[in-house]
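Given next are the chains, with one letter for each unit.
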Amino acid sequence: MGSRASTLLREEEIEEIKKETGFSHSQITRLYSRFTSLDKGENGTLSREDFQRIPELAINPLGDRIINAFFPEGEDQVNFRGFMRTLAHFRPIEDNEKNKDPIASEPLNSRSNKLLFAFRLYDLDRDDKISRDELLQVLRMMVGVNISDEQLGSIADRTIQEADQNGDNSISFNEFIKVGNVYILYIDIDIDI
Amino acid sequence: MEDFNPFDNLLCILLGISFTVWFTLLLVFIIVPAIFGVSFGIRQLYMKTLLKIFEWATHRIERGAKDNNHLLYKPYSNGDGSNRDLDHASEFEMSDIFYFCRQGVESIMDDEVTKRFSAEELESWNLLTRSNYNFQHISLRLTVLWGLGVVIRYGFLLPLRVTLAFTGVGLLVVLTSIIGFLPNGRMKNFLSEQVHLMCYRICVRALTAIITYHDSENKPKNGGICVANHTSPIDVIILASDGCYAMVGQIHGGLMGVIQKSMVKACPHIWFERSEVKDRHLVAKRLSDHVEDKTKLPILIFPEGTCINNTSVMMFKKGSFEIGSTVYPVAIKYDPRFGDAFWNSSQFGMVNYLLRMMSSWAIVCSVWYLPPMTREEGEDAVQFANRVKAAIARQGGLVDLLWDGGLKRGKVKDTFKEEQQKLYSKMLVGTQEDRSRS
Numbered sequence: 001m002g003s004r005a006s007t008l009l010r011e012e013e014i015e016e017i018k019k020e021t022g023f024s025h026s027q028i029t030r031l032y033s034r035f036t037s038l039d040k041g042e043n044g045t046l047s048r049e050d051f052q053r054i055p056e057l058a059i060n061p062l063g064d065r066i067i068n069a070f071f072p073e074g075e076d077q078v079n080f081r082g083f084m085r086t087l088a089h090f091r092p093i094e095d096n097e098k099n100k101d102p103i104a105s106e107p108l109n110s111r112s113n114k115l116l117f118a119f120r121l122y123d124l125d126r127d128d129k130i131s132r133d134e135l136l137q138v139l140r141m142m143v144g145v146n147i148s149d150e151q152l153g154s155i156a157d158r159t160i161q162e163a164d165q166n167g168d169n170s171i172s173f174n175e176f177i178k179v180g181n182v183y184i185l186y187i188d189i190d191i192d193i
Numbered sequence: 001m002e003d004f005n006p007f008d009n010l011l012c013i014l015l016g017i018s019f020t021v022w023f024t025l026l027l028v029f030i031i032v033p034a035i036f037g038v039s040f041g042i043r044q045l046y047m048k049t050l051l052k053i054f055e056w057a058t059h060r061i062e063r064g065a066k067d068n069n070h071l072l073y074k075p076y077s078n079g080d081g082s083n084r085d086l087d088h089a090s091e092f093e094m095s096d097i098f099y100f101c102r103q104g105v106e107s108i109m110d111d112e113v114t115k116r117f118s119a120e121e122l123e124s125w126n127l128l129t130r131s132n133y134n135f136q137h138i139s140l141r142l143t144v145l146w147g148l149g150v151v152i153r154y155g156f157l158l159p160l161r162v163t164l165a166f167t168g169v170g171l172l173v174v175l176t177s178i179i180g181f182l183p184n185g186r187m188k189n190f191l192s193e194q195v196h197l198m199c200y201r202i203c204v205r206a207l208t209a210i211i212t213y214h215d216s217e218n219k220p221k222n223g224g225i226c227v228a229n230h231t232s233p234i235d236v237i238i239l240a241s242d243g244c245y246a247m248v249g250q251i252h253g254g255l256m257g258v259i260q261k262s263m264v265k266a267c268p269h270i271w272f273e274r275s276e277v278k279d280r281h282l283v284a285k286r287l288s289d290h291v292e293d294k295t296k297l298p299i300l301i302f303p304e305g306t307c308i309n310n311t312s313v314m315m316f317k318k319g320s321f322e323i324g325s326t327v328y329p330v331a332i333k334y335d336p337r338f339g340d341a342f343w344n345s346s347q348f349g350m351v352n353y354l355l356r357m358m359s360s361w362a363i364v365c366s367v368w369y370l371p372p373m374t375r376e377e378g379e380d381a382v383q384f385a386n387r388v389k390a391a392i393a394r395q396g397g398l399v400d401l402l403w404d405g406g407l408k409r410g411k412v413k414d415t416f417k418e419e420q421q422k423l424y425s426k427m428l429v430g431t432q433e434d435r436s437r438s
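Protein sequences appear in the order of chains A and B.
Position 71 of the first sequence, counted from 1, bears residue number 71 in the UniProt record's numbering, the numbering being contiguous throughout.
Position 421 of the second sequence, counted from 1, bears residue number 421 in the UniProt record's numbering, the numbering being contiguous throughout.
Any given hint could turn out to be false.
To be verified - Calculated pairs, DSBU-like style, for lysine-lysine (alpha carbon to alpha carbon, straight line, at most 35 Å): (1) 40(A) with 422(B); (2) 178(A) with 426(B); (3) 178(A) with 422(B); (4) 296(B) with 188(B); (5) 129(A) with 417(B); (6) 426(B) with 129(A); (7) 40(A) with 333(B); (8) 417(B) with 40(A); (9) 318(B) with 40(A); (10) 178(A) with 417(B); (11) 188(B) with 40(A).
To be clear, the hints were calculated from the coordinates, so they are not data collected in a lab.
The structure presented is a predicted model; accordingly, all values stated were derived computationally and were not measured.
Chain A on its own, in the form it takes in the complex (with noise of 0.2 Å):
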């Protein structure tokens, strides 16, 4: 009877993505129903090609580095799991996960893995460290053609000199999370159901 969503989400999973992402029932559902939209292939996975038809995604200067963190190193396809695992990371934080026995797994949106998503925007080629022209790729991405390469070397490494401490010209994790754990709480979102 045509029906979008040609294998629907079986209880056991929905279960387990609770498990994993902290997400609610209804919010699995819901999130459930948007992939499969966007899955025009309908082949249960998201190219990058099912991103990139979202306008609101495509004009976001961000946009290219936003859906490559959904993809795993190497591969083309995701599928729900992945999908859901990425969007944990924007899950706020609620006050009873705060004080969580920290032996436990870390949840996917505990402020270190939200500011370790973060990180990874910059960090391309995953070498744990921020380097100038890693800073300057997402800086051009952002300004476009508006700025010159000279303001924005100077740009960069005004940056770099603030944040960077042991003097190895580039911001590692930690120094990372020095300039960012303030705000990184502004990349919640709530997801009113």
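Here the structure of chain A is known, so what remains is to put chain B in place on it, guided by the hints.
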């Protein structure tokens, strides 16, 4: 041997009688009223009954869901995204990406545009599984009701409607061809109008379309252009059954082409060859020639250029607004509770779509004729188009979007991204200039 004959005769007689009864009923209750434009009110009664049943069905689902401790998802509307304060000049911070990142992921979770190209989500269930994602086996009664619905829709309504559709279209082709032989003049125009109206009314009944027309005093007049928002090819039938218009479009092959060619024999419609469609000057010339001739009917145009899902109005293409004649805006709003009229042409072909329409319960819609508008001094075509679009959106209760309907198939223009980059750069560069001064 002899035993069989009386039974055979009986069978034939029974069949004969039932066919006669069937066709008489059809004729009396549907076709004759269509010819004269009167109504028995049967469809209104039908609509009220259906609504009561739907309410009960939704109630049952909600109760069932509560018992099973699930929440039904409701249509998700985007909260107001807080805008980062880009007016204040500030320096680049590494955390600046957090803003773009969040915007990006928010649009992945839900965005204003792609949902316009897929069918609207309903809050109540209208017993069609094609429009419901919450349907699971809640109760026997509900499933039985749904099953009954299937039988009625496919076994009774669909054949009835298909018969009517063939009748309507057949009559249109035959009668307009006949009228084509008459000499041009008032008689021909009068007859052509009557024939068109009659056939469209039959088609309206073939879809069980229950239409409410508002503000008919603003109906489009000769020499004007009627613009309306576009949801499906049915829009044409809905408008043309209440007034006579000159249609504009591309010549198709097959059945459509036959219909188009015979229609144009009775009165002047504007059909373009495929090659001519690209030539904007040619199109504009033909339209303005038509409009200048006051004996010709008002032109009907859908400026969005494609079918939108009836929750919003997208960017109007400016071509029709450049011609300089009076524009008569019309807003069409479908009631989604009875059946989704939106044609997602990437999902269904035309025939498939029509079958779906004819196997829905009904198509209920409202048509508002808005007061005529003309281009004002100092207003260019784009501004005029936007003004008309806003009026239509406001009347129909639709969201007025700046986005282009072309996004259904094509990519968004890079200029939008460049705008964002420009804004962000302004914020950064402002600082640099200040610094160099101090």
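When the structure is checked against the list of hints, which entries are broken? Sort them ascending. 11
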